[in-house]
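Student: Protein chains in written order, with the numbering used here: chain A, 1 to 759; chain B, 760 to 914.
In case anyone wonders, no lab produced these hints; they're calculated from the structure.
Owing to the predicted nature of the structure, the values given are computational and were not obtained by experimental measurement.
Watch out, some of these pointers could steer you wrong.
Not everything, but these chain A residues come out facing chain B in the computed CB check (under 10 Å) [unchecked claim]:
id : residue
1  : Leu18
2  : Ala19
3  : Gln621
4  : Val666
5  : Gly701
6  : Thr715
7  : Val731
8  : Ala732
Once the Cα atoms are required to be at most 27 Å apart in a straight line, the calculated DSSO-like pairs of lysine-lysine come out as [what the hints assert, rightly or not]:
id : chain 1 : residue 1 : chain 2 : residue 2
9  : B       : Lys772    : B       : Lys833
10 : B       : Lys772    : A       : Lys467
11 : A       : Lys247    : A       : Lys232
12 : B       : Lys851    : A       : Lys467
13 : A       : Lys531    : A       : Lys91
14 : A       : Lys271    : A       : Lys193
15 : A       : Lys462    : B       : Lys851
16 : A       : Lys506    : A       : Lys27
17 : A       : Lys489    : A       : Lys462
Glycine residues also receive a C-beta, built at the ideal position from the N, C-alpha and C atoms.
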Amino acid sequence: MDMNEIKEIFFQECEEQLAELESGLLKLNDGDRDPETVNAVFRAVHSIKGGAGAFGLDDLVSFAHVFETTLDCVRSNKLEPTPDVLKVMLKSADVLADLVSASRDGGGVDESRSRSLVKELEALAHGELPSSSGHDAPKPAAKAAPAPAPAAKAELPKPSDDSGFQPIPFSFDGFGEDEEPAIEGSLYEVSFKPRRELYSKGNEAALLLRDLSRLGEMSINCDTDALPALDKMDPEASYFSWKISIKTTKSEDDIRAVFEFAEWDCDLEVKLAEEAVSNEELPMVPVPFDLSILDDVSAGEEETASERGVSEETVAAALSAAETASNVSRAARVAEKKESAAATAAAQNNAAAAAAGAGQTIRVDLDRVDRLINLVGELVINQAMLSQSVVENDATGTSAVNMGLEELQQLTREIQDSVMAIRAQPVKPVFQRMSRIVREVADMVGKSIRLVTEGENTEVDKTVIDKIAEPLTHMIRNAVDHGIESPEKREAAGKDPEGTIKLTAKHRSGRILIELADDGAGINRERVRQKAIDNDIIAADANLSDDEIDNLIFMAGFSTADKISDISGRGVGMDVVKRSIQALGGRISISSRPGYGSTFTMSLPLTLAVLDGMVVTVAGQTLVVPLTAIVETLQPEASAIHSFGANQRLISIRNSFCPLVDVGRVLNYRATQANPVEGVALLVESEGGGQRALMVDAIQGQRQVVIKSLEANYTHVPGIAAATILGDGRVALILDVDAVVAASRGQSMKPEMSLAATG
Amino acid sequence: MSYAVKNLVQGSKELIAFRISDQEFCVNIMSVREIRGWTQATPLPHAPAYVMGVINLRGAVLPIIDLSARLGMKDAEPTARHVIIVAQMKTKVVGLLVEAVSDILTITDENIQPVPEVSSDLERLYARGILAIDKRMICMIELDALFPDKESEVA
């Protein structure tokens, strides 16, 4: 593994840390005061800083350091995380993200922005908090640490803790030879008391002490007073503390740097001792011990364990702990080859600790998953073709081949589900990106806006996630720029000056529904109408319903903003948003209430690869109706069909009336309505709410089909979601139930038709 | 079948000639991916009359265009002898239904005669020149002009 690969891993981890950072900050912003949240935020920045130090990314390190310092004030309750403070922090998180991507891809960062944020952060740390200087002391950057190697090799859970025996001060033979010649310098007294977190993160007190010993001549006292009796002991707890006197030419900062990666998991005190105080005057007898033996970690552990004759259980506990620790360090082994391994190892430890709770994961190249998915798709088609030809050639239908085929079908099904699950991802990352956009745009236009997200853990196929980011960004910009009014206007209207944008994701009937709601002024219908007339989109005397006017904003060449602002209105309108949503097999609609805001609703398929469908015949054509849309199927009786008006028909189902929609008619397959009694009715629930009975001629069966794009070589066809290839090798069209229902409701499919006509 | 073979000199190009009713047309061979027999297409709703539907081309969905109808002549009545010319147009691939492929021509620019002034917009739109080969008249057509890029047209 070369340096670039390691660096790539670091950047991937940065992404995770940045996501962690942002979600933590947002939680704080929502009033979460859980210390663990603050710690998570702090750790994220710290890990980025550490890794960046290892790669010599100085800009990143210095910014992260200032950020970290301020966060530390919050962590130690010296700085109240007020909304104002968090605003600065969120911005800093954005800049940090920029710096990370600048380090990865090259390119510059807005220097003035980061500089002004550095000042703001420093002001927060210093201005409001004079006593924070102590926290500035742990100097930045792993590069300041002379040899911060310990964490990388932290395979040894502290034996004294795990074995739990009264520790005996011991020395090793090699001690005398290893003693360094006395050096000139000042004498420091270091008091070091690790907390249990230090061990649980795979750090090791003994290794820290060994590194400390490299700074100069030192003597160590171990304080074992806190050690309880064996039966009361928690094998994972920390009971020891150390007092160290060290004579060194290095500065206090260098001493602190040794504890850089453990500093928030221990109580550390470093002070300059009076020259007069000699070791002998310390209350405890200093027992020097040579830590170099610990270099051979596993051997060291065996030795100490057996030496002490610990009980079997505790050995087992120690070993399993050692195993965990070595797993962690295995992940970190990559890092060992680096000059300064500690930094990344610390990050790895954190990541591994987090992963331990969330189950193990691997990173896989997306291409490989895609290849697998394509292959499975072909497998499904092939399996369908095979079953069909067996059924055709086997009249009895009882042969062993049929049995085998059924099993094959089940297996294919399971393979497919598993493969799809690999690609399913929560929408969280996209939503998080949106919160940044809201912040930035709101800042630019001088509005105060809160983004509330819901259902971020809703899972959807990775391709869908990737593709919704852009239209969503556009819509968010629009909502901030045009949707929400200025604070003054809001106050005048008696609203909270702070606007709210709500972003919701949920699963609904086999699709994912993403809603973007703002509490702004709503669509100004008069202006939209006027604009549409000006742009020749509608005739001046056109009689449009409110809904139709609202939907005009999806027409090409439409921008209602009076002035073209920097943020939106770059000539890319909602028509582009609509088209990209449609390209995904999705739909978008808007509902707006003047004075109360607008809601955009996007409905997208969960996956772009397969769907369960009911294969039906309509006017001699084979169609696939997505199973998720179908509530029930029924054979209508003549008595249940009621004519309604000129050419509407209703079907009565258990005493409720439901409009009948002749699919063949809507799709123009036939000129006259079919006789409902001869066909089958599919009761469907559409996104707009309400049920409809779709009339088809016959049901052929149920099948899982692989979705093939029609748009790739043709264009969007109204009423048709996509195409698929059936067992006989022919193309069948997949019905877009919602569009058909909408068409039956009288909403025109005309705009798309004119599009199709050019094809 | 006679070949109007010329030496492959600079500026020469190869064309595929095909027949629609009693007329002959040709397109640049570079845009042709393959030629295959006619198979029944699945009709598309709300499609213009010249779009016959879609077929399965090794897992991809391929729209079939009745070139005769597209060129303003009468609708084709496809038989097993009809062929589909699979052609690449910008990013999309379409199948063109024609009666038969008749020739592969290698020509140079001097062979191409300008299109005479005619009143019909359609002919002016697609015709890029006329070739006189063995007393036959072959009209060279520009596929991209027949099927303009939808995106740019809408925007």
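Student: At a threshold of 10 Å, is the proposed contact between A:Val666 and chain B supported by beta-carbon distances?
Tutor: holds, 8 Å
Student: Mind checking the CB of A:Ala19 against every CB in chain B and telling me if the closest is under 10 Å?
Tutor: violated, 35 Å
Student: Can the restraint linking B:Lys772 and A:Lys467 be considered satisfied, given a maximum Cα separation of 27 Å?
Tutor: It is violated: about 41 Å lies between the C-alpha atoms, which goes past 27 Å.
Student: Does the alpha-carbon distance linking B:Lys851 and A:Lys467 stay inside the 27 Å limit?
Tutor: holds, 21 Å
Student: Hey, does the A:Leu18 contact hint survive, CB to chain B under 10 Å?
Tutor: This interface hint is violated because 35 Å lies over the 10 Å limit.
Student: Taking 10 Å as the limit, does the beta-carbon of A:Val731 come near enough to a beta-carbon in chain B?
Tutor: OK, holds: A:Val731 within 10 Å of chain B, min 4 Å.
Student: Against the 27 Å threshold, does the CA-CA distance of B:Lys772 and B:Lys833 hold or violate the hint?
Tutor: Violated, at about 30 Å.
Student: Quick check on A:Thr715 please, does its C-beta sit within 10 Å of some C-beta on chain B?
Tutor: holds, 6 Å
Student: Does the interface hint hold: is A:Ala732 within less than 10 Å of chain B, judged Cβ to Cβ?
Tutor: holds, 7 Å
Student: Would you check the hint for A:Lys462 and B:Lys851, treating anything up to 27 Å between C-alpha atoms as holding?
Tutor: Status holds; Cα separation ~25 Å.
Student: Any CB of chain B closer than 10 Å to the CB of A:Gly701?
Tutor: violated, 18 Å
Student: Regarding the pair A:Lys506 and A:Lys27, is the alpha-carbon distance no greater than 27 Å?
Tutor: holds, 21 Å
When each numbered hint is compared with the structure, violations occur for hints 1, 2, 5, 9, 10, 11, 13, 17.
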